[in-house]
Amino acid sequence: MEQRMTQRSAWDAVLARLRKRSLFMLHYCTGCGAIELPPTMTSRFDMERLGIMPMVTPRQADILLITGYLSVKTLKRVVLIYEQMQAPKYVVGFGSCTINGGMYWNSYATMKSLDQYVPVELYLAGCMPRPEAIITGFSELIDRIGRGEANSWKDYYENYEFYKKNQLHLFGEIETYQDIPADAQKFGITGVRA
Amino acid sequence: MNFSLTVLIWIVVYPIIAFSIGVLLGGYGRKFTARVQRRIGPPWIQPFFDVVKLMSKSTNISHGYMHDAAMMMLIGGTVMTLYFVPVPGFAYFSQFGDFLVIAYLILVPSLGMALGVGETANPNGSIGISRALQMMVGYEMPFVLTFIGMAMLNGTTSMYELILRQQAGGIATWGIVTNPLLGIAALISLQGMMNEKPFEVIVAPHEIATGPMTEMGGKYLGMMFIQHLIAIVVEMTIYINLFLGGARNWLELIVKLFAVWTLILSVHGVYGRFRTDDAIRFLWRVPLPLAAVGVFGIMLGIG
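Residue numbers (our numbering), protein chains in the order written: chain V, 1 to 194; chain S, 1 to 303.
FYI, nobody ran anything at the bench for these hints, they're computed from the structure. Treat the hints with caution; some may be incorrect.
Stated by the list, open to error - Looking from chain S toward chain V, a few residues come up when the C-beta cut is under 8 Å (computed):
| # | residue |
| --- | --- |
| 1 | Gln37 |
| 2 | Arg38 |
| 3 | Arg39 |
| 4 | Ile40 |
| 5 | Val52 |
| 6 | Lys53 |
| 7 | Ser56 |
| 8 | Ile61 |
| 9 | Thr210 |
| 10 | Thr214 |
| 11 | Glu215 |
| 12 | Gly217 |
Claimed, not checked - Away from chain V, derived, C-beta distances all over 12 Å, residues of chain S:
| # | residue |
| --- | --- |
| 13 | Val144 |
| 14 | Trp250 |
| 15 | Gly301 |
Each residue gets a CB set at the ideal place from its N, CA and C atoms; glycine is no exception.
Throw the hints in and build the complete structure from the sequences for me.
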């Protein structure tokens, strides 16, 4: 694994190490599981010691934490919020409902798997995941960002057709007011069709 | 004091020094608040990590020309105020501008923010800005009144003169000792000026989604963070220069900054948030009469 380190990649490595120390989290808690977050943030587990701070708008946030099930109606809002966030951005699916539908598998109103609609960086399995699991998951995310491996957000631009197809299949139509091909251009990803 | 290379170096280095002290103060503030809430809290240079992270974001949404220009106004206004506040080793600009200039310049960042946030057209941002301007009416009046008192007492509006006098006479001539009413009134309005609880009505995350910062992301939010970190140094240095005898060297200044900051944070840590009208009512009911009584005392020759 002898890799010749150019000046640029050295700078990126330093930046990644600094960047992993500060993460702003937007928690989207229309499903269940929001009750696990207060202990995670407050004195019992204290998320802020890892540099993770709750933020209130998508523009400011780095992490989008989706807790519990998403109905078709709320998923639409998640897509809107996700596209408003500034890259690099990381979606964390929380609870088994985001992974495979969980106990709502037979429901007509909820979606089954979150990564069909937005790229998910990390899943926290369980029903519910305890604060320990959340802290462990975020530590894993921090390590990945530090190593420069947390690049799932690029997948949204590279495979936009796949995500768009699934979104359209579920919603019929969706207008997000976000110019995805133009955004992709900034990251050097061409050939993205709206 | 003539314009020289030293002044030029100070012009470049001073904002960087102020930012560095601001990072330490900001990190200390978060650590202190965390300790009050029995948490461990983030590392001391957490604000630095936040700023680096925000400035290195790949995409930054701009809402138009005014949105970009406002950021320049925000940081430019704060740095401009910084230059006129005398600190140990650098008082070049304070010979051209006294406290009145500072009182004008300190409003520029808020006005810049108002223009920029207006363009983002976010209702939460507009509410935040209207609150910021209302709060300004609340804290500016007692704060300016305290300075009028100090100026009447010493017969000068120059902040530099004021520091020299206080340093020549020792602790007994410090503003807080000679005029405790003015000192306390200024301290309360400083709490409002620095937007800490119980006057944290502008950035009310649970109520209006951080107000002016709602639509700010990436570099825009990063610039607002930088402005805030410089502003806490500027505002507290003004208070120290007026009432705590300024500072002879940087160590003394930093010690005094941390002392005042701790005082402000210990109120911030245990209080909830006022409503906007209650905050203004409090600022007009408590510090304003205190300052007025102090000024009357000086006029009658008691203070």
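Unsatisfied constraints (hint numbers, rising):
none
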